[in-house]
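**Q** Given the sequences, and given the hints that come with them, work out the whole structure.
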Amino acid sequence: MRTLILPLLLATACTSEPNTSAVNPDGSRNTDDPEGPGPEPWDAAVDAVIVEVDYEPAAEPATGSGLGGDPWDLFDANAAALFAGTGVTVTAPHTLAQMGELPTLGEDTFTASRLIELSDAWRDTLSDAHTSVVHVLYLDGRFEDDGQVQDQVIGVSIGDTGVVAMFGPVLDQLGLLPVTKRFGEQATLIHEFGHAMGLVDNGVDATTAHVDTAHGAHCTNDRCVMYWANEGASDMADFVSQYITTGSEVLFDDACLDDMAAAHGVTE
1 MRTLILPLLL ATACTSEPNT SAVNPDGSRN TDDPEGPGPE PWDAAVDAVI
51 VEVDYEPAAE PATGSGLGGD PWDLFDANAA ALFAGTGVTV TAPHTLAQMG
101 ELPTLGEDTF TASRLIELSD AWRDTLSDAH TSVVHVLYLD GRFEDDGQVQ
151 DQVIGVSIGD TGVVAMFGPV LDQLGLLPVT KRFGEQATLI HEFGHAMGLV
201 DNGVDATTAH VDTAHGAHCT NDRCVMYWAN EGASDMADFV SQYITTGSEV
251 LFDDACLDDM AAAHGVTE
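Residue numbers (the numbering used here): 1 to 268.
Each hint should be verified, as a subset may be incorrect.
Said to hold, decoys possible - No more than 20 Å apart at the CA atoms, straight line, and that leaves these computed lysine to aspartate or glutamate pairs for EDC-like:
#1 181 with 238
#2 181 with 60
#3 181 with 151
No lab work stands behind these hints: they were computed from the structure.
**A** Written out as structure tokens, the structure reads:
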């Protein structure tokens, strides 16, 4: 079975030595392996989500209190909104010191199977019965799918593996304004995090008719970060411009938030 790839087109990780765990030939994780990915993030037993970040030196994520403030505050606000009332806590790093620096890989492109290999080699934390770990790789290259280099893919979420990748050269296309790039990067990460957490109808059941079946695991609302058309550099730049203009912190729409609440038995 082909691994489902969900792209967005355009505790603390301190990595030292690589780790290893089982990977299937098609690039998926071996879920029979005791060191596999653990439970689904929407499992009722999960009460914590940890975001681990590793980056290549030439593709480090935006951090700090520059123009527009700390971009990771936007991630925190959306993670908190997504799990409001569920009792699930989400922890993400805000500084490079809290992230892991990879060696320079010198690879122009990365396939899904290669992304999973890198995650298995460098991740520090594995999911368990109560904790779901999302491993985010910031890479100095582009995504390759079916032998084609995807010049407009900003980020991908690989099936149910908890592996997310962000592609630095494509992020550079988000716009000339530094604030657009900083928050476009975070909006992309929030989109892929949403997929990793089961949105849209990607493990977390949809409670209303908002699934864009034509585009798979996306929301029909063009004001939601999970909308399919936020899939290219120009589209994401437009979406972020709306955020900057309105000042709205939460990028998920009510339908996506309601889906996650229902998955955890939260009612109004």
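**Q** Which of the listed hints are not met by the structure?
**A** Violated: none.
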